[in-house]
Structure formats: C-alpha cells, structure tokens
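Engineer: So the chains spell out like this:
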Amino acid sequence: MTRIFFIITLLLSFVNPLQADTASDFDSALQLLKQKNYALKSDAIKTIAASGNPQARAVLDAMLNGGLFIRKKEKDLVFAQKRGSNYQLTAVLSGEDLGQLKKRKLKKVGINNTLRGELRSALALLSLNNPDPEKRLEAVNNMLGNIDAGRAATLRDSLENESDSSVQEVMRLGIALSDITSDDINTRKRAITVLHGNLHPTAWNSLTTLMAKEMDDGARNAAKEALHSIDVKRQMSSIAETLFFGISLGSVLVLAAIGLAITFGVMGVINMAHGELIMLGAYTTYLVQVIMPDNPGTALLLSIPLAFVVSGGVGILIERGVIRFLYGRPLETLLATFGVSLILQQLVRVVISPQNVPVTNPEWMSGSIEINSVLSLTLNRLYIIAFCLLVFAALFFILKKTSLGLQVRAVAQNRAMARAMGVRSERVDALTFGLGSGIAGIAGVALSQLTNVGPNLGQSYTIDSFMVVVFGGVGNLWGTLVAGMTLGIANKVMEPWAGAVLAKILILVFIILFIQKRPRGLFPQKGRAAEG
Amino acid sequence: MLKSTIKQSIIGVGIAVSMLFSTAAVAEETIKVGILHSLSGTMAISETTLKDTMLMLIDEQNKKGGLLGMKLEAVVVDPASNWPLFAEKARELIQKEKVDAVFGCWTSVSRKSVLPVFEELNSLLFYPVQYEGEESSKNVFYTGAAPNQQAIPAVDYLMNDLGVKRWVLAGTDYVYPRTTNKILEAYLKSKGVAKEDIMINYTPFGHSDWQTIVADIKKFGAAGKKTAVVSTINGDANVPFYKELGNQGVSAEEIPVIAFSVGEEELSGIDTKPLVGHLAAWNYFMSVDAEVNDSFIEAWQAFTKDDKRVSNDPMEAHYIGFNMWVEAVKKAGTTEAGAVQDAIIGVTVPNLSGGFSAMMPNHHVTKPVLIGEIQDDGQFEIVWEISGLVAGDAWSDYLEGSKDIISDWRAPLSCGNYNVRTAKCSGQNIE
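As given, the protein sequences belong to chains V and U, one line each in that order.
Each residue of the first sequence is one higher than the one before, counting from 9 in my numbering.
Each residue of the second sequence is one higher than the one before, counting from 2 in my numbering.
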C-alpha cells in the first residue's frame, strides 16, 4: 500500500511540474493584483489571461465589474457582492462561502481606464467561443481597437466556425484592418474592398493612414473610392441624426407647451405658474420612486396618472382660488400667477429640499439603438417622442370627441351663448384649467427623465412654452405641434455651427420677427371666434 | 433671466427680513465669523454643504475652547445665487454684524462682486473653490486650486500617461471656464498641439439638451487619435451631460472626460454606473487614504446626522482656510485684519490628504494634485498623484500679459500685481 502510494506520488511529481508552474504563475499573479501599482496589475492580468486556469475568467470578470476585493485583515482576495449594507464574500480559489463583511473591512481591487481596456480585450479573447452570439459580437468589437496580426489570425480561425452573420461581418472587418497593413499588394486590395463603405471609425482611419503612404495607384484609387463611399454614408447618417435630435427637442417643447396651449390658447389665461405645474409632475415621479425604489420602471408608469391628478388638482385650486376672480384682466392674472409660481417653488424648497433630487432612469430607457456605427438613436429620446405624440393624440381626442371637449370649445368660442345653451361655464373653466395643468404634470414626468429635477425646473419651460404656443397660433393644437417641432429642428440644425447659446438667441430673434409679420402665429384662428 | 432675478431678489429680501429677527440678541463677547454661501437658487446644490462645513468647523473650535479665550459665533446670510446680492450681504456682514473674517462665495462672478467691498472695508475673505486665477487681492485668501494646481497637471496627465492627442474643451459660458480654457489652449499650443486638434464649446448654465454636443464629441474623437474632453461644465448641467454620454455609448476608455467641477457632492445625485472611468482632477478626494481624512469624515457624518453624506474638495479648502485663520489669529493675538494678513503668510496646517498646506505670499496655498476615476459607488479611485506639493500661481505663465506678473503681499513689495519687466505695481488686483 505504501509502495503504491509512493509510486503515485513519484508519477505525479513527473507529470505535475508544468501544471504546477502555470498554477503558481496564476497564484503569484493573484498576489500581484493586491499591489497598488497599475503596471504590476497589468502584468498580472496578462499572466492570468494566458494561464488557462478555469478561474481566470471569473477573476478578470469580477475585476472589471468591481467585484474583486481584498480583505483588510486576512489580506487575501475575495469575490464580493453587495447584500444590503454588507458584502457577501466568496473565496477566489476554492469558491468557499466566507460569510458577510462590512464595506470598511474590505478594499476594492482598483482599476483604471488602461486596465479596463486590457481586461476587456483579455476577456474578449476568452469569450470568442461563447455560445451566445451577442457575447461573441461584443468580444470581436472589443478587439477592433487594438488589432494586430496575432489577433487577426485568431479571428481567422474563429471565422471558419462562426455561424452568426453579423459576427462574421465584424470578424472580416477585424481581419481586413490587419490585412491593410500587409506588404502584399493583393492582400491590401482585398482588405480595401472589405472596408468599402464600412462605417466603423477604424475603417475610415486605417484607409486614411493607407492613403498617406500607399505607392500603388490601383490601391490608392480603390482606397479613395472606399473613403468616398464612407463619407457619403456618413453625410446621410449625419442628416438623419440632426433630424432625430431636432424632433426629440421638438417633442420636449411640444410636451411642455401643450398644457399651456389649453390654458392660454383656449382659455386665454396667461399662466406664469405653468412651469411650476410641470415641476410638480417631475417631483411626483421622484416621490413615487422614493416609495418604490426597487421598481423605477413601474414607478415611472404609475406616476403618469398620479402626476396628472396632482398637477391637475393644483391647477383647479389655482383656478378656483385666484384666476376666476381675474378673468378679463390679463395683467393682474399674470402677476397673480407669477406669485403662485414663487409660492410653489418655495413650497418645494421647504417641504422637500432646495437641492436637486435624483430621479432614476429605468433600465429600458437607458442606452441606444444602433442603426450603424455612426448613427445611434438614444432610447430615452425615442420614448419621449412616442409619448409626446400619444399625449397629443389623447388631448386631441378629448377636445374633439368628448362632451367635455365640446363644452370647452363652446365656452371658448362664445361664453354667453354657451351659458344660454345650459353649459355650466364655471365648472367648464375649472375642468379645462385642470386638464391643461394635468397635462403639464405629465410633461413633468417625461422631463424628469431628461433633465434635473429641482425647484427651478419649471422656470425655463414657462418661457419656452409661451414661445411655442404664440408661434404656433393661440388656440390651435396643431399649431403647437408644428411650432414645437419646427423650433426643435431649427435649433438643432443651427447648433453645430452657431453653438448652443447663439442658436437659442437666433431662434428668439426669428420668432420676434415672425410675430411682427404674423401676430397670430402660424395657424391663426379664423372667423368670429378669433375676435373673442 | 430677468424673471429669475426678480424671483431671487424677492426670496432674498424675505430671508434678509427673517435674518434681522433671528440675530437680534447676542449677549457675551464673541468672535464673529461670517458665512456667505447661497442657500437657495442654482448654486445652493453646492454651497449649502459649505455652510454646514463651516458650522461644523466653528462648532469644533468652540469645543476646543474657542479662540483667544472667546467663543466663535457663526453669522449665516443667504445671497441666494444672486451676484449683486453677494456684495450687499458682504457689506452687511462686515459693517452691521462686525464679523472678523468671512468664508464664502463659489462662482467667480460672485467673488468678483464682493471683492471691492472687502478691499474698501479692509476685511478678510476665504474663498474655497478652484478658480481661473488672474487675481490676487490683499483681502482675499484663495484656498481652492489655481489653474496650475488643477487644470495644467490634469492636462499633463492626459498627455503623458494616456497619450491624448486631440482635445475637446467644453465649458459653461462664464468667466471661470473661459479663462481656464484660454490658459489651456495656450498651454496645449505651447506643447505642439495643432489648432484643428482642439475643439472648444460653451453652453449656458443649466443646459439640458446635450445630444448635438455629445454627437459632435463622438465624431471629433473618431479620427483615430486618442481624444479626451476637458470639462469645465459647472453646476447641475453636468447630470444630463453625463447621462447623454452614457446613452450615446461614449465610454471612458475611448474618450475619457476629465472634469474640474464635478466632485462627490455632484455625483451623489446620479447613477454613476455609465460614468465609471471618467476622471476628475482635485486636490482632495473623499477616498483619500489618510487617518485625518477618516476622522474628518466621521465628524462630518456625525455633525450632519447622515452616514451617507459625502465630503469634497471645497470642503477641504474651507478646512484648510479656517485652520489657517485660527493659527494666524493665535499668532497675531488679535483678529484685526491687517495683523492677520501679515501673520497668516507662511502658516502651515495639516490638509486632509495626510500632508501639510502652507499659505504663500501671493495668498494662495500649497496643495497636492490628485486625479481620480469615477467608481460605480459615486466615489473616486485615485489613479495619479503629483509628487510633492504645488504652490498656487495667481498669474498664469501661459498667457500673454500675465506671465510677467507676480504677486507678493509681504513688505516691502506688498503688491498683488507686480510686473517684473516694467518693475511697476499697477495696483490693479484683477485682470
């Protein structure tokens, strides 16, 4: 028995040296990770990636995502995951459960941008064989930045087994990026054909580098053509991008203004507290999120009706408490509502906080849809555009198809006649103002996803909203939509060459001139109603 | 704009009236310290914290037995982010409240507004925020960073350690970003950066639609050379800016953004996951590994009764400035402004990163320079640290017209604006 054991040990000691070597490499690399020096850590990452150790992936992954810690007392590396206020620890090598520990007893293995890049590349090489095509795509994309002959060879091998076409395409791009620096003219030419019209920035850059030093005329022409095709595509994308930015800015303007289109446009009330009603909607979103912190998405959806009720309710209060005594006296209304806006702002400062409050974006609203390498549409803006159109349609429906809408229009056109027909004009006034205010609250929910939520949120939007409504033509919903979109697009077309500050000034100057020419806006009301 | 000014002054008047009532009764002899920070308006987000910091420092000093055998008394006023109101409130503090020193201001425009008041009434102002330089007043002590203590080392780090070749200088449209970018542009050109590799962009306060600018930065950065954004964007406009960067997928590895006005306080309002890896340059981070820092944070969180409250760089500047003032008063044996001005030069006090800061003859202090990367918990990981300390330089060496000027408030020179070429003191303390 002893002899057999002896022989086994002997055998193992012959087999093991190589394995033991990489294993100890892996171990000593792990030790290096505890150092503060980033160059040492960088060496360690390379060793770990090359070690082939089954734990390598997990270590690098945890390091990249900030899940790798050092226990201050034991001075060893652990994986840690946040559990409430504590961290749940797992041993790196054995995977043993080490219980929980407070954050102060742990020190994170810090990484900087260079290391982050290296970690991504290293992980990319490790995940080229990942069964999930999206992971593979990400892996290849991560390699494009620093491609070399060795990596290109790896890509060539993987390309043969690759079944997903989009991954294949990026792999071909990667190989071409390496081939274009080749000494063989035919390889270069082939690479140029692959890069023809490819919008990835690396393609354009490597083609321009090639242009600078290429001797062969044929290859030069091909490269020139390829560059031209990229430029044309870029131009198209850029136009599409500006249009998208313009529409998205326009939809924000329309959302902010559409409530005012009712209170000012239909009722003729100059409501300086309009922005503060928007602010209340945004704060409603914040409060709902505070109540249900784990579900920002549901909270957001829930806050749409809630914000309508809150802002609408406040609107009705303002109408019943202040504005109804001032109908037909626009100057006094202006001053009184301005006072109301100050009160609302200060109320928020006192009750909640004078500082901005954080509103979380739900997961499904972050990020963007990539159309191609240079054009991507951000998701939150897409949702806002859709939401804006939805609100517009709903409002349009209410005004045109419901009995409330009919009464609102009747009172707006001829109050005395409407009352004679049995419409309770006071009640209609209150409801109309509430409707406009409620819509402002809904706009606040949308704006909370784009901008800072603070007591001053409403100020700038009051002015913007008046601008849109006046430009579009008072009392006309379509006017508001067209005006908002026009102003948004015009602003975004001018911004690249005029700058954000000047673009806004130019827009204001344009509106002033336009109002001089057509005081009733884009879509003036016609007929007898226009006089009232 | 007119509207917001009206609003702010109405609020300001309201608060001023309430202040009259609250500070009516003072019995025993105290040393009064003025605190001039906006508690409402756009800057409240940053300045309220500094008011609390000062209250804590004064409270701690009183627990240690006060100063010159007397208790310290804080006098808080609210200039409401309204620049002209800053001057009025400063005058009120000095003339009516008879304070011996004032700690306050954040934006450069508010400092420029109060400067004539402090010079006229010969009182002391401790200004705790990083600023654009080109100023040195007999009555002001600049405990925040001058450009050579923040902007220039940060650009050096990007250039040498990250190999950045293309630069976007993005800022809010007012004096600090404009002057800083002017200095940086001159500096970059002196280092051989071509004009077409620098893109400069200004946006208004509170800008919220960053789509076009971020898309432009993305295009600018796709030209094959390593690109970085140097951001002097101030205040709450940073939140939508970083959100848009995250949404458009600009990662810190491709195009890092280094900010001079974004600290722990500003980050505490946002989800920092998409920002991980973006940079900030300061003279102090909450994550600094030093015992004095740990105990400061502990005291701060106990004072505010909030164990999630963060500390930041301007707070450290107040910590340094307040302790320097205390030491200078002890040294001079009086709180009289002239005596303290003489005594404070050369005073050395501990800073929060474990070292010491000294008051230089040009009324700036020596500081370490740190660069940190944003982490997913809203803290900074320090990735670079200058060796030794940097003394603040009031007049930039990279601008025409300012490179020949020095500042030295010791006798016999006693001048904040001395031209070494013409050997003249212009007497003009600002640009």
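It is possible that part of the hints are untrue.
[To be verified] Below are the BS3-like pairs computed for lysine-lysine, each with C-alpha atoms no more than 25 Å apart in a straight line:
#1 U:Lys-139 to U:Lys-332
#2 V:Lys-110 to U:Lys-306
#3 V:Lys-115 to U:Lys-274
#4 U:Lys-139 to V:Lys-232
By construction, these hints were calculated from the structure, which means they are not laboratory data.
Engineer: Take the hints in turn and mark each one as holding or not.
Structural biologist: Results of checking the hints against the structure:
1. Simply put, Lys-139 (chain U) and Lys-332 (chain U) have alpha-carbon atoms about 19 Å apart, close enough for the 25 Å limit, and the pair holds.
2. The straight-line distance between the Cα atoms of Lys-110 (chain V) and Lys-306 (chain U) is roughly 20 Å, inside the 25 Å bound, and the hint therefore holds.
3. The straight-line distance between the Cα atoms of Lys-115 (chain V) and Lys-274 (chain U) is roughly 19 Å, inside the 25 Å bound, and the hint therefore holds.
4. With a C-alpha separation of about 63 Å, the suggested pair Lys-139 (chain U) and Lys-232 (chain V) falls outside the 25 Å cut-off, and the hint is violated.
The structure is inconsistent with hint 4 alone, although it conforms to all the rest.
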